[in-house]
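Participant: Okay, here's what each chain looks like letter by letter:
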Amino acid sequence: MAVEEPTPMKTEDGWTSARAHGAARAAGTGRAARTLRVRVSAVLLAAVVLAVLLVPPLFPVDQQAVELTAKLRPPSWEHPFGTDSLGRDLLLRCVYGLRVSLLVGLVAALVATVLGTAVGAAAGALGGRADRLMMRLVDVFSAVPHLLLGIFIVAMFRPGVWPVVLSVGLTHWLSTARIVRAEVLSLRSRPYIDAAISGGASRTRVALRHLVPGVLPQAVLAAVLMVPHAIWHESALSFLGLGLPAHRASLGGLTEAARGSLLAGDWWPTLFPGLFIIIPTLAIAGLAGAWRERINPRRRSELML
Amino acid sequence: MTGSTPAPAAAPGGPSRAATTPPALELRRITAGYQRGKPVVEDMTLTVGPGEAVALFGPSGCGKSTLARVAALLHEPWAGSVLLDGEPARGWRHRAPRAQRTKVGVVFQQPRLAADPRLTLSRLIAEPLRANGRGEEAARRGGELAEAVGLDAELLARRPHEVSDGQLQRACLARALALRPRLLVCDEMTAMLDASTTAALVAVVEAYRAENGAALLAVGHDRTLLERWCDRTVEQGGHW
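Each protein sequence line maps, in turn, to chains A and C.
Residues in the first sequence are numbered from 9 upward in steps of one, following my numbering.
Residues in the second sequence are numbered from 2 upward in steps of one, following my numbering.
A couple of the hints might just be wrong.
[To be verified] Pairwise CB distance ranges (calculated):
| id | chain 1 | residue 1 | chain 2 | residue 2 | range |
| --- | --- | --- | --- | --- | --- |
| 1 | C | S82 | A | A163 | 57 to 63 angstroms |
| 2 | A | A163 | C | A80 | 55 to 61 angstroms |
| 3 | C | R96 | A | R47 | 52 to 58 angstroms |
| 4 | C | S82 | A | R137 | 24 to 30 angstroms |
| 5 | C | W79 | A | T43 | 52 to 58 angstroms |
| 6 | C | E43 | A | R137 | 24 to 30 angstroms |
| 7 | C | R37 | A | V57 | 51 to 57 angstroms |
| 8 | A | V46 | C | S165 | 33 to 39 angstroms |
| 9 | C | D223 | A | V46 | 49 to 55 angstroms |
| 10 | A | L156 | C | P60 | 56 to 62 angstroms |
| 11 | C | P89 | A | W170 | 53 to 59 angstroms |
| 12 | C | R37 | A | L193 | 14 to 20 angstroms |
| 13 | C | S165 | A | A126 | 34 to 40 angstroms |
Since the hints were made in silico from the structure, they are not lab data.
Small disclaimer: the values here were computed from a predicted structure and weren't measured.
Glycine included, each C-beta is placed from N, C-alpha and C at the ideal position.
Let's have the full structure, built from the sequences with the hints guiding it.
Facilitator: Set out below in structure tokens:
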């Protein structure tokens, strides 16, 4: 009793203060700024995704077509982003590169989230020794720098898309596991879990019917926030020459190849791939951030997310 | 077990059967708590005879709810033993055999926290049936229970945040009765409700007990209500 009774009151206070805080911010300029951020992010993301989906089928130009007479041309009507050191059209290269980056980002974020949710939910639901063992394992993995571990994983395979996905997925599940475990621990002590146990529900049933649906909004949010991370990780690996095979366009690879010409004053081969990395990742993070602000615990249960 | 003989019981088969039938619930010298070295409940003994209704009183924070959780096999005591229908508890929470832990139906103090926010009321009520692989009974038994506690079809389609505390507590009571428990533990069941809902819920519990001869452990601090409702009252801190 001494332990149980104050808890709901605390939660209640947390809710009310969070709402009051939100209301105060909404009343000021915060709301307008947030709406603007969401709109800009949505427009940018939509533009980029449309480009990635539509450019390859609409312009059946070989993105690898080399034209040595037209190498390192500045942006023009013919080549809006200019050409690279082999005379390839940079707009096409960037679009193809982003295509790969988005694919890797989405799949890797999915892999990382599924893995993280499984480990976090298991640790939180089992508790005790299993929990301690799993979380120490997470600590051990976290102690190794992501990029180093990622390089190690990529180095074990031939260059390609799947080793990169694996490398990102296996290094990025740790934070999701921590988030999900914390959520599960907080859900586990709720009386409705007691009620389910008293009603004869098995461990699996409690986990699958009550705990996992409860942490799903957090897990989905973590997955969306993971996509920019995954894109950056992929770009970093490609920049180091470890990601995709050299002939496939990738944003990291493009930036790396353009390093030399930057010193000669040719700014376009670095600027455009760089923008193609930054814009979509900022747009995704902006949208996910706005969504995170919307789902405080109370609203989450009301929205049935 | 001092004073284990039930006072004149209104429920069927009260005193006469008490000699042969084991008590519905026996708590022997229970010590329990949450933080090491700070027991909430110390060396408590309590018996609920077959079909008997026992009220447990006490001020806030004296360990009544903890004792209720121990009785429902939801909290492992540090010392002492629990017997349900004369059978010692064989585990706690998930480790208790399903047949044993479903013998006790529990109604919690705060329906908001005791109901999964994602389930509609009809699913909430039938949840114990589904959890026991008796999903095919869900529609019939669920309807029966909903009618017994006075929830209509329109309310059953709603989710917990769309109904009042009283309506939600009715659903929680229906859920506790779904598996026809031998013992009902009501932990401050009516503490957050108005007088008419309280009366309705008590009537539902009494109708169920009259039909099934189940025992009741009612925990609370509303002396007037509990003294009217139960056969015997026990005060925390006293000797019984």
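Participant: Does each hint hold? Answer for all of them.
Facilitator: Hint by hint, here is what the structure shows:
1. S82(C) / A163(A): 57 to 63 angstroms: 60 angstroms, holds
2. A163(A) / A80(C): 55 to 61 angstroms: With a Cβ separation near 57 angstroms, A163(A) and A80(C) satisfy 55 to 61 angstroms, so the hint holds.
3. R96(C) / R47(A): 52 to 58 angstroms: Given range 52 to 58 angstroms: holds, Cβ gap about 54 angstroms.
4. S82(C) / R137(A): 24 to 30 angstroms: Once the Cβ atoms are compared, 26 angstroms apart, the range 24 to 30 angstroms for R137(A) and S82(C) holds.
5. W79(C) / T43(A): 52 to 58 angstroms: 55 angstroms, holds
6. E43(C) / R137(A): 24 to 30 angstroms: Check passed, 29 angstroms falls within 24 to 30 angstroms.
7. R37(C) / V57(A): 51 to 57 angstroms: Given about 55 angstroms between the Cβ atoms, the range holds.
8. V46(A) / S165(C): 33 to 39 angstroms: Hint holds: Cβ distance 35 angstroms, inside 33 to 39 angstroms.
9. D223(C) / V46(A): 49 to 55 angstroms: 51 angstroms, holds
10. L156(A) / P60(C): 56 to 62 angstroms: Distance hint for L156(A), P60(C) holds at roughly 59 angstroms.
11. P89(C) / W170(A): 53 to 59 angstroms: 56 angstroms, holds
12. R37(C) / L193(A): 14 to 20 angstroms: For L193(A) against R37(C), whose Cβ atoms are near 19 angstroms apart, the range 14 to 20 angstroms holds.
13. S165(C) / A126(A): 34 to 40 angstroms: 38 angstroms, holds
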